[in-house]
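One letter stands for each residue in the lines below.
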Amino acid sequence: MVNRIWQHHFGQGIVSTPNDFGKYGEHPTHPELLDYLAKQFIQSGWSIKSLHRDIMLSRVYQLAGSDDAAVLASDPESTWLTHSRRRRLSSEEIVDSMLVVSNTLDPSQGQAHPFPPRSKKTYSQHHPFVDAYDSNRRAVYWMRQRLRKHPTLAIFDAADTKQSTGERALSTTAIQSLFMMNSPFVHDKSSALGARLIDEGKDDPQRIALTHQLLFNRPATNLDVELGLRYLQNNRKSLASTELDKNKIPQEALASYVRALMGSNEFLYLE
Amino acid sequence: MFANNSIYKSMPRRQAIRSLMGGSMLMPGIFSELLASSAGSKSPLAARTPQHPAKAEQVIWIYLSGGFSHLDTFDPKPGLFKAANAAGAQSKKNKTRYMPSPWDFQKCGQSGIDISDLFPHLRDCADDLCMIRSLHTDHGNHQRAALGIHTGSFAMTRPSAGSWVSYGLGTLNENLPSFVVLAPKIPYSGAQLWGSSFLPGEHQGTRVLPSANPVPNLQRLSASSEQQNLELDLLKQYNARHLKNHPTDPNLKARIQSYETAFGMQMEMPQVLDFSKESDATHKLYGLERGSTKGFAWQCLAARRMVESGVRFIELIDTGASNNWDAHGNIHSHTPLAKNIDHPISGLLKDLKSRGMLEKTLVVCTTEFGRTPTFDGSKGRGHHKNVFTSWLAGGGSKPGTIVGSSDELGSQPLENPVHVNDFHATILHLLGMDHERLTWYYGGRDHRLTDLAGRVVPEILA
Numbered sequence: 001m002v003n004r005i006w007q008h009h010f011g012q013g014i015v016s017t018p019n020d021f022g023k024y025g026e027h028p029t030h031p032e033l034l035d036y037l038a039k040q041f042i043q044s045g046w047s048i049k050s051l052h053r054d055i056m057l058s059r060v061y062q063l064a065g066s067d068d069a070a071v072l073a074s075d076p077e078s079t080w081l082t083h084s085r086r087r088r089l090s091s092e093e094i095v096d097s098m099l100v101v102s103n104t105l106d107p108s109q110g111q112a113h114p115f116p117p118r119s120k121k122t123y124s125q126h127h128p129f130v131d132a133y134d135s136n137r138r139a140v141y142w143m144r145q146r147l148r149k150h151p152t153l154a155i156f157d158a159a160d161t162k163q164s165t166g167e168r169a170l171s172t173t174a175i176q177s178l179f180m181m182n183s184p185f186v187h188d189k190s191s192a193l194g195a196r197l198i199d200e201g202k203d204d205p206q207r208i209a210l211t212h213q214l215l216f217n218r219p220a221t222n223l224d225v226e227l228g229l230r231y232l233q234n235n236r237k238s239l240a241s242t243e244l245d246k247n248k249i250p251q252e253a254l255a256s257y258v259r260a261l262m263g264s265n266e267f268l269y270l271e
Numbered sequence: 001m002f003a004n005n006s007i008y009k010s011m012p013r014r015q016a017i018r019s020l021m022g023g024s025m026l027m028p029g030i031f032s033e034l035l036a037s038s039a040g041s042k043s044p045l046a047a048r049t050p051q052h053p054a055k056a057e058q059v060i061w062i063y064l065s066g067g068f069s070h071l072d073t074f075d076p077k078p079g080l081f082k083a084a085n086a087a088g089a090q091s092k093k094n095k096t097r098y099m100p101s102p103w104d105f106q107k108c109g110q111s112g113i114d115i116s117d118l119f120p121h122l123r124d125c126a127d128d129l130c131m132i133r134s135l136h137t138d139h140g141n142h143q144r145a146a147l148g149i150h151t152g153s154f155a156m157t158r159p160s161a162g163s164w165v166s167y168g169l170g171t172l173n174e175n176l177p178s179f180v181v182l183a184p185k186i187p188y189s190g191a192q193l194w195g196s197s198f199l200p201g202e203h204q205g206t207r208v209l210p211s212a213n214p215v216p217n218l219q220r221l222s223a224s225s226e227q228q229n230l231e232l233d234l235l236k237q238y239n240a241r242h243l244k245n246h247p248t249d250p251n252l253k254a255r256i257q258s259y260e261t262a263f264g265m266q267m268e269m270p271q272v273l274d275f276s277k278e279s280d281a282t283h284k285l286y287g288l289e290r291g292s293t294k295g296f297a298w299q300c301l302a303a304r305r306m307v308e309s310g311v312r313f314i315e316l317i318d319t320g321a322s323n324n325w326d327a328h329g330n331i332h333s334h335t336p337l338a339k340n341i342d343h344p345i346s347g348l349l350k351d352l353k354s355r356g357m358l359e360k361t362l363v364v365c366t367t368e369f370g371r372t373p374t375f376d377g378s379k380g381r382g383h384h385k386n387v388f389t390s391w392l393a394g395g396g397s398k399p400g401t402i403v404g405s406s407d408e409l410g411s412q413p414l415e416n417p418v419h420v421n422d423f424h425a426t427i428l429h430l431l432g433m434d435h436e437r438l439t440w441y442y443g444g445r446d447h448r449l450t451d452l453a454g455r456v457v458p459e460i461l462a
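Just so you know, the sequences run in chain order A and B.
The first sequence begins at 1 in my numbering and counts up by one.
The second sequence begins at 1 in my numbering and counts up by one.
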């Protein structure tokens with residue numbers, strides 16, 4: 001348990017084979033640390049929250065990433081925890097992040113999924129069930145069916161719910177990029193974020209600053225602002241030549257802007 | 001060697017090769033050859049040299065859903081007439097009463113392979129077929145058996161054969177998925193049939209439909225193409241700046257590349273599916289009406305165009321989980337289903353052959369199980385896992401050959417039984433891979449398409 005929670009924070013467990021502590025598994029990189037955390041976990045009354053707090057308040061959790069050649073030469077994968085390990089967000093994190101930044105997250109308590117009443121259920125082995133029932137709640141509350149991986153979440157390597165998946169194999173595929181470029185989900189959320197930026201920022205520079213704060217958790221640099229201003233200007237010009245309603249152009253230009261940035265590595269990777 | 005798959009995250013190719021090799025250190029020569037062939041390429045889908053020289057480079061895998069009857073198509077059993085007319089046979093219950101085939105058979109071509117009246121067009125291609133009459137499987141239920149013929153596993157979800165091939169060989173054109181599934185309807189076990197399971201997501205089958213949006217999210221949603229170009233340019237600038245600060249991370253570079261590929265796919269996939277430049281003669285060969293995207297003929301012609309465009313593995317599924325070959329009620333339901341595929345399949349084989357593509361393209365035609373020699377109900381046949389027929393063509397399979405046989409009543413394998421695992425081992429062999437060395441470490445051990453069984457069947461090889 002401690003090893004799995006550690007893995008979710010650091011991208012790799014202290015034992016890198018979380019489903020296999022046996023003969024064929026890997027040895028722990030920091031056995032004393034694993035023992036210490038396990039002991040603390042038991043003493044705290046098995047409190048997951050206090051384990052999170054212990055980990056997140058630690059120096060090692062707060063380390064920055066490194067691109068120092070010497071560090072990378074001696075510890076390229078941060079096996080020895082010399083620096084923060086860059087990791088791609090999971091499919092659930094990507095979906096949730098877009099819901100949060102676009103202010104569309106539904107924080108209400110989940111209800112039962114809208115399955116048809118029993119008398120109207122027509123599916124069978126010859127007519128398999130294929131509905132998805134997506135909502136704006138966090139992805140962890142989305143319906144998972146046994147017959148297939150969730151169609152949206154599977155794009156970014158969500159696990160197969162029929163088997164125990166200790167760690168997910170992370171892929172980088174063109175299908176993922178198509179999702180970021182063309183999916184209705186990303187277009188909806190970027191459009192909602194465009195509307196939010198119009199509400200919360202009074203001019204382009206403010207909106208650009210807010211975008212960087214929301215998407216990358218950092219202030220916009222001068223270059224970012226310069227690029228952003230030019231982009232929005234060009235984009236509005238380009239949109240003016242389409243059939244889009246003139247009143248929608250400012251929001252759509254911002255939507256296009258944030259959509260491009262949400263596809264960037266800076267948004268999709270955490271370090 | 002117990003390679004840790006987490007290495008795949010940052011060193012995909014090296015890991016892929018490590019897993020590919022299984023007990024790699026036994027074969028250091030091939031190991032270094034594989035590493036050499038991968039040098040300089042970052043993509044896990046880049047084409048790889050196979051383990052041994054391959055006869056087949058690409059695969060068209062035709063899966064007929066529901067379990068077609070071997071007894072009424074490719075495995076004639078005159079013995080069934082005798083058994084049906086034996087003393088006392090008429091008084092028996094349906095389930096134990098034998099049913100002779102209502103279709104006549106002909107010995108076709110120079111090879112004399114038997115093909116029933118259900119497939120008149122395919123008879124022209126008899127001399128290209130390698131008919132396996134002694135296949136057997138482990139489960140008599142659609143979902144399990146369909147998983148079995150696709151993944152080699154009847155209980156757990158495992159990677160599909162196409163995913164294993166994609167993992168083993170990469171692809172020839174990265175602007176298209178390495179593993180494409182042309183299935184208008186959802187079959188038994190759904191997308192599990194083309195799932196990559198524990199193999200990385202790039203090896204998953206991509207379902208392509210004849211529509212304006214043939215692959216999910218393929219169609220541009222931005223207001224104009226100029227708009228989309230602006231977005232991709234800005235994205236590129238951000239990614240380039242980010243990469244400059246993090247120059248050592250191969251994952252970041254791979255993702256930048258993936259946008260190029262995605263854009264390439266957005267452009268190229270519609271071209272592959274645009275048949276307007278195909279001649280009238282070609283349309284006629286497949287039995288396809290110009291402009292139509294309906295029926296199996298569309299799937300077959302799309303498959304040939306995908307082979308030309310460098311897709312590694314193309315699966316065609318003719319029907320879904322209903323109205324398929326599951327002829328419990330009436331064996332004559334085979335008639336329209338055979339009519340739907342007979343002309344297109346023979347067109348595909350002839351077209352591949354005349355273009356010189358059949359040599360390097362392995363065509364597989366299979367199903368999940370056979371059907372009983374006895375009645376199910378008053379006119380149909382039940383599920384039969386003990387023996388069934390499938391055929392191969394091209395790709396180094398032995399043309400005009402019958403491999404194995406079933407007994408007098410088509411009930412059990414008689415000579416040279418071929419299990420589903422053996423079938424898979426042989427297909428991988430034709431593609432230049434050793435089924436025992438194409439492995440992936442998962443859940444504490446190395447896994448294979450053939451799991452712990454399988455043998456290459458020498459009689460299938462040309």
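I should point out that these hints are in silico values taken from the structure, not numbers from a laboratory.
What you are looking at is a predicted structure, and each value in this text was computed from that prediction instead of being measured.
Treat each hint with caution, since some may be false.
Stated by the list, open to error - No more than 25 Å apart at the CA atoms, straight line, and that leaves these computed lysine-lysine pairs for PhoX-like:
no. : chain 1 : residue 1 : chain 2 : residue 2
1   : B       : 95        : B       : 82
2   : B       : 398       : B       : 360
3   : B       : 294       : A       : 162
4   : B       : 339       : B       : 107
5   : A       : 23        : A       : 39
6   : B       : 107       : A       : 237
7   : B       : 339       : B       : 185
8   : B       : 284       : B       : 294
9   : A       : 121       : B       : 236
10  : A       : 120       : B       : 185
11  : B       : 82        : B       : 55
12  : B       : 92        : B       : 294
Hints, one by one, checked against the model:
1. B/95 <-> B/82: holds, 17 Å
2. B/398 <-> B/360: OK: residue 398 of chain B and residue 360 of chain B at ~13 Å, within 25 Å.
3. B/294 <-> A/162: violated, 34 Å
4. B/339 <-> B/107: holds, 20 Å
5. A/23 <-> A/39: OK: residue 23 of chain A and residue 39 of chain A at ~23 Å, within 25 Å.
6. B/107 <-> A/237: violated, 71 Å
7. B/339 <-> B/185: holds, 18 Å
8. B/284 <-> B/294: Measuring from Cα to Cα gives roughly 15 Å; hence the hint holds.
9. A/121 <-> B/236: violated, 48 Å
10. A/120 <-> B/185: holds, 22 Å
11. B/82 <-> B/55: The given pair, whose Cα atoms are some 43 Å apart, is violated under the 25 Å limit.
12. B/92 <-> B/294: violated, 44 Å
Violated hints, listed in ascending order, are 3, 6, 9, 11 and 12; each of the other numbered hints is respected by the structure.
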